[in-house]
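2 protein chains.
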Amino acid sequence: MNTRILLKSRPTPIVSPDNFEVVKEPLPDLKNNHVLIKNLYLSLEPAMKGWMTDIKSYVPPVKIKEVMRGYCIGIVTQSNSISYKPGDLVTGPFGWQEYAVVLDTTISFKIPNIPQIQLTYWLGPLGTTGLTAYFGLLTVGKPVAGQTVVVSAAAGGVGQMVGQIAKIKGCRTVGIVGTDKKCALLTSRYGYDAAINYKTSKNIVKDLSKNCPNGIDIFFDNVGGDILNAALMLLNHGSRVVLCGGISQYQNPDIQGPKNYLQLLTTSSLMQGFIILDYKKEWPQAITEIIEWIKEGKIIYGEHIIDGLEQTPKVLPMLFTGDNEGKLIIKISDVKSKL
Amino acid sequence: MNTRILLKSRPTPIVSPDNFEVVKEPLPDLKNNHVLIKNLYLSLEPAMKGWMTDIKSYVPPVKIKEVMRGYCIGIVTQSNSISYKPGDLVTGPFGWQEYAVVLDTTISFKIPNIPQIQLTYWLGPLGTTGLTAYFGLLTVGKPVAGQTVVVSAAAGGVGQMVGQIAKIKGCRTVGIVGTDKKCALLTSRYGYDAAINYKTSKNIVKDLSKNCPNGIDIFFDNVGGDILNAALMLLNHGSRVVLCGGISQYQNPDIQGPKNYLQLLTTSSLMQGFIILDYKKEWPQAITEIIEWIKEGKIIYGEHIIDGLEQTPKVLPMLFTGDNEGKLIIKISDVKSKL
Numbered sequence: 002m003n004t005r006i007l008l009k010s011r012p013t014p015i016v017s018p019d020n021f022e023v024v025k026e027p028l029p030d031l032k033n034n035h036v037l038i039k040n041l042y043l044s045l046e047p048a049m050k051g052w053m054t055d056i057k058s059y060v061p062p063v064k065i066k067e068v069m070r071g072y073c074i075g076i077v078t079q080s081n082s083i084s085y086k087p088g089d090l091v092t093g094p095f096g097w098q099e100y101a102v103v104l105d106t107t108i109s110f111k112i113p114n115i116p117q118i119q120l121t122y123w124l125g126p127l128g129t130t131g132l133t134a135y136f137g138l139l140t141v142g143k144p145v146a147g148q149t150v151v152v153s154a155a156a157g158g159v160g161q162m163v164g165q166i167a168k169i170k171g172c173r174t175v176g177i178v179g180t181d182k183k184c185a186l187l188t189s190r191y192g193y194d195a196a197i198n199y200k201t202s203k204n205i206v207k208d209l210s211k212n213c214p215n216g217i218d219i220f221f222d223n224v225g226g227d228i229l230n231a232a233l234m235l236l237n238h239g240s241r242v243v244l245c246g247g248i249s250q251y252q253n254p255d256i257q258g259p260k261n262y263l264q265l266l267t268t269s270s271l272m273q274g275f276i277i278l279d280y281k282k283e284w285p286q287a288i289t290e291i292i293e294w295i296k297e298g299k300i301i302y303g304e305h306i307i308d309g310l311e312q313t314p315k316v317l318p319m320l321f322t323g324d325n326e327g328k329l330i331i332k333i334s335d336v337k338s339k340l
Numbered sequence: 002m003n004t005r006i007l008l009k010s011r012p013t014p015i016v017s018p019d020n021f022e023v024v025k026e027p028l029p030d031l032k033n034n035h036v037l038i039k040n041l042y043l044s045l046e047p048a049m050k051g052w053m054t055d056i057k058s059y060v061p062p063v064k065i066k067e068v069m070r071g072y073c074i075g076i077v078t079q080s081n082s083i084s085y086k087p088g089d090l091v092t093g094p095f096g097w098q099e100y101a102v103v104l105d106t107t108i109s110f111k112i113p114n115i116p117q118i119q120l121t122y123w124l125g126p127l128g129t130t131g132l133t134a135y136f137g138l139l140t141v142g143k144p145v146a147g148q149t150v151v152v153s154a155a156a157g158g159v160g161q162m163v164g165q166i167a168k169i170k171g172c173r174t175v176g177i178v179g180t181d182k183k184c185a186l187l188t189s190r191y192g193y194d195a196a197i198n199y200k201t202s203k204n205i206v207k208d209l210s211k212n213c214p215n216g217i218d219i220f221f222d223n224v225g226g227d228i229l230n231a232a233l234m235l236l237n238h239g240s241r242v243v244l245c246g247g248i249s250q251y252q253n254p255d256i257q258g259p260k261n262y263l264q265l266l267t268t269s270s271l272m273q274g275f276i277i278l279d280y281k282k283e284w285p286q287a288i289t290e291i292i293e294w295i296k297e298g299k300i301i302y303g304e305h306i307i308d309g310l311e312q313t314p315k316v317l318p319m320l321f322t323g324d325n326e327g328k329l330i331i332k333i334s335d336v337k338s339k340l
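So the protein lines, in turn, are chains A and B.
Our numbering applies: residue 2 is where the first sequence begins, and numbers increase by one.
Our numbering applies: residue 2 is where the second sequence begins, and numbers increase by one.
One thing to keep in mind: the hints can contain errors.
Because identical chains cannot be distinguished in the list, a pair is counted as satisfied if it fits within a single copy or across any two copies.
Claimed, not checked - Calculated lysine-lysine pairs in the BS3-like style (CA-CA distance at most 30 Å, straight line):
(1) Lys296 - Lys260
(2) Lys57 - Lys9
(3) Lys260 - Lys315
(4) Lys296 - Lys64
(5) Lys207 - Lys57
These are computed hints drawn from the structure, not numbers from a lab.
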């Protein structure tokens, strides 16, 4: 029997554990070119909120009663494919479930064995999270040494990497987070030059301005709302706002648009969204580069791992309240557990 | 004696005739390298609202008691400069006044005598207005033949040109305006494929969608607010929102940000501001190209000319209510009047 978590209802607009239901179903027979994967780890991401709605987007909405979409690390336990054999560690969109039966082309790739790289990193710095930081910062943000890069949700899965890649590129980095503990992490672990706690800040524009004496050249935004509005007021001429997320607005029934958006006009700046699927051909080169950075100790990565697939519906909302500390991952099974 | 219109107070936030005062002052002596210009025409632009506020921007705010900034066509009446002689027609930021005494480098350029080009066109299609349409559409919008270009305030000084340049580039053009008369102008004079009256539309998203069967690739926005929000809902993957103005919000004490801005994220699109001063080196080439289009009859230009400098404070607010029909120009003096 396979434990699966299905989407039961759509968020209205709050994401709630009640939007999901846990079921136990028998595994289907393994057809040609199909593989049976035992999931080990599941990556939780703010984008999941979007997948739960029925709004047309870059991927189709998850259907009601369908297993919830999610990127996983798994181990092949049975294979009717010539490309994979039992014991292979693989990554791909295997969903919120204990086992996945998938067509072999669904698998993103076989995870190479690199001693310095821990397995979960294939969901973090070497997964879609890391690729989001990499392509958002480098292709939209276009950092230049000496420029100032501000990152919101800077201790999150994406934010911590954006700061470190910006640092590799020679930029000044300023992170915005919601707790003093995260502030300390930013400067002590993730190499940020400065950190701002937006929850205790009395004037976010003033605090940002103090920490960005030369203005903002790149604002990598994961949150939207008041923080985006504040950053817009400090943009230099020709700045780039990398639109990665709007987590402060995802649970807001009356979404707040950035009222200072006309600052883009007066500063000849741009605000640009991106989807990492657009860069699929460049993923291998990006992953190779990130692996090198990790080996050289230039990227240190913080994870927040919670045990047990059945916890997932309760854990996902942590992303929207900022209760996670680092990349949020669900541990589904132990790699050494019985296949 | 020189009639001059000074900025008396800043808009709060409504632009009102009371923000200005008309004074008569003696002309100063003409210093070395200075030129005395008699102003003939003055261009009125929504950007003037920004110049009236004390917010730091791409140009310094106009000071209180200073002559209001404005681009003019004038005729040189006295010259202490080797570059200009009496009788030269010139264009530049000569301000809201009958006469201007300026350093010769303040003059943008001497207007060439081209029989097919009427004088006022040097404030419209060949002035900052035309350059705004040209550089905004071509360098930010990057139109490709077959794509759909939607323009707001499409019958205004900038909008009518954007539509025609987009047409030259082989695009489908859809204009949004506020009267049926302007709708008729768009399709009969300015070559738009379709026109929408947003004031009588019951559902602007639906009306836009009907007129953009292949979605929107470029939205050239002059107005912001609900119209920007509607266009954001119909963006294709990789679209460009050219941020030229937000005229619906300029008089709004509580500016409405585009609440659908996260559509930029899910469609990998960008929203970009621009300032034509950034392209100053390319102005001559652009003007040469626009002159050719006018000669070939590919650009037809609508003007709304009002007589009398002293009318200017009353006329400027027409831009914010949409009461102008075409490029708004003040006639200050007749070219043939006594120098």
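Comparing the hints with the structure gives:
1. Lys296 - Lys260: Neither: 43 Å inside a chain and 42 Å across chains, both beyond 30 Å.
2. Lys57 - Lys9: within (19 Å within a copy, 51 Å between copies)
3. Lys260 - Lys315: between (33 Å within a copy, 28 Å between copies)
4. Lys296 - Lys64: neither (41 Å within a copy, 57 Å between copies)
5. Lys207 - Lys57: Classified as between: cross-chain Cα gap 16 Å, same-chain 38 Å, threshold 30 Å.
Consistency note: the structure conflicts with the earlier hints numbered 1, 4.
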